[in-house]
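Undergrad: Full structure from sequences and hints, please.
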Amino acid sequence: MKNKVKKSATLLLSLLFVFVFNGCELFKKNNSTGQKIYKIGFAMATLKEERWRRDRDYISERMKELHAEVLIQNANNDHEQQMRQVEYLLSQKIDVLILVPHDLEAAAYAVQMAKRAGVKVISYDRLIRNANLDLYISFDNIKVGEYMTEYLVDRSPQGRYVIINGAPTDNNCYMFNQGYKNVLDNYILNRQIEIVFEGWAEDWRPEQAYQYIQTLLAQGKKFDAVIAANDALASV
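Whatever position you read off the sequence shown (first residue = 1), add 1 for this note's numbering.
Warning: the hint list may mix true and false statements.
Straight-line Cα separation of at most 20 Å, SDA-like style, residue types lysine to any residue; simulated pairs [stated by the list, open to error]:
no., residue 1, residue 2
1, Lys-223, Gln-159
2, Lys-94, Asn-77
3, Lys-182, Gln-193
FRET-style restraints, in silico, Cβ to Cβ [to be verified]:
no., residue 1, residue 2, range
4, Tyr-211, Gln-82, 22 to 28 Å
5, Glu-50, Tyr-152, 15 to 21 Å
6, Phe-140, Lys-223, 48 to 54 Å
7, Lys-144, Asn-191, 20 to 26 Å
8, Glu-70, Gly-221, 41 to 47 Å
9, Asp-225, Gln-93, 49 to 55 Å
10, Ala-219, Glu-81, 30 to 36 Å
11, Leu-218, His-68, 52 to 58 Å
The set of hints was computed from the structure by calculation and includes no laboratory data.
Cβ coordinates follow ideal geometry from the N, Cα and C atoms, glycine included.
TA: Below is the structure:
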């Protein structure tokens with residue numbers, strides 16, 4: 002399953018560059034001709050997970066190869082900090098804003114600010130709702146949820162399940178959840194699987210996932226499998 006996700010991540014980044022470099026027509030002339038160096042602002046919600054660090058490094062390397070400048074900001078899962086960082090990036094006269102929103106609804110204000118400044122906006126991996134985006138690019142997150150659940154059901158086709166979703170401010174989590182349920186519904190209907198607990202981890206905090214599990218154990222609840230929305234939540 003991890004190999005499928007890694008291949009999808011590579012494809013996702015490739016599609017991102019196709020849009021930035023061709024769709025926006027920013028890089029048809031390079032710096033050797035005396036043209037301006039284009040600036041890309043990359044406003045990230047977090048760098049806690051390895052996949053975000055990989056994305057940061059890959060994008061930085063590719064920008065250098067294309068004689069572009071990338072300014073990267075990390076909000077540490079803090080919406081207000083992310084808004085300040087977007088304001089900073091816009092003050093640096095960026096040409097494109099790539100935004101991984103911490104809050105799927107509130108980040109629409111960042112898009113409004115960028116549009117007023119004439120900056121194109123890409124919602125990367127996580128959707129920003131109710132926003133005038135130039136591009137939303139992501140995985141098939143429902144399919145990701147299905148892959149995760151199929152992997153687990155293959156190994157534990159009967160029993161009591163716990164579901165720990167990610168942040169309720171992240172649209173992907175609702176899509177993952179739909180994928181889980183797409184696979185589980187028939188098992189639940191046939192009474193092969195029972196969901197004994199389902200919770201959400203604010204800001205993707207692993208300690209909240211840990212607390213959920215500890216509480217279930219302290220209450221004497223028995224369960225056979227846990228679906229966790231990412232590696233950090235699963236690692237507790």
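Undergrad: All hints, please: hold or fail.
TA: Results of checking the hints against the structure:
{"no.": "1", "hint": "Lys-223 <-> Gln-159", "in the structure": "holds, 13 Å"}
{"no.": "2", "hint": "Lys-94 <-> Asn-77", "in the structure": "violated, 23 Å"}
{"no.": "3", "hint": "Lys-182 <-> Gln-193", "in the structure": "holds, 14 Å"}
{"no.": "4", "hint": "Tyr-211 <-> Gln-82: 22 to 28 Å", "in the structure": "holds, 24 Å"}
{"no.": "5", "hint": "Glu-50 <-> Tyr-152: 15 to 21 Å", "in the structure": "holds, 19 Å"}
{"no.": "6", "hint": "Phe-140 <-> Lys-223: 48 to 54 Å", "in the structure": "violated, 33 Å"}
{"no.": "7", "hint": "Lys-144 <-> Asn-191: 20 to 26 Å", "in the structure": "holds, 23 Å"}
{"no.": "8", "hint": "Glu-70 <-> Gly-221: 41 to 47 Å", "in the structure": "violated, 57 Å"}
{"no.": "9", "hint": "Asp-225 <-> Gln-93: 49 to 55 Å", "in the structure": "holds, 52 Å"}
{"no.": "10", "hint": "Ala-219 <-> Glu-81: 30 to 36 Å", "in the structure": "holds, 35 Å"}
{"no.": "11", "hint": "Leu-218 <-> His-68: 52 to 58 Å", "in the structure": "holds, 55 Å"}
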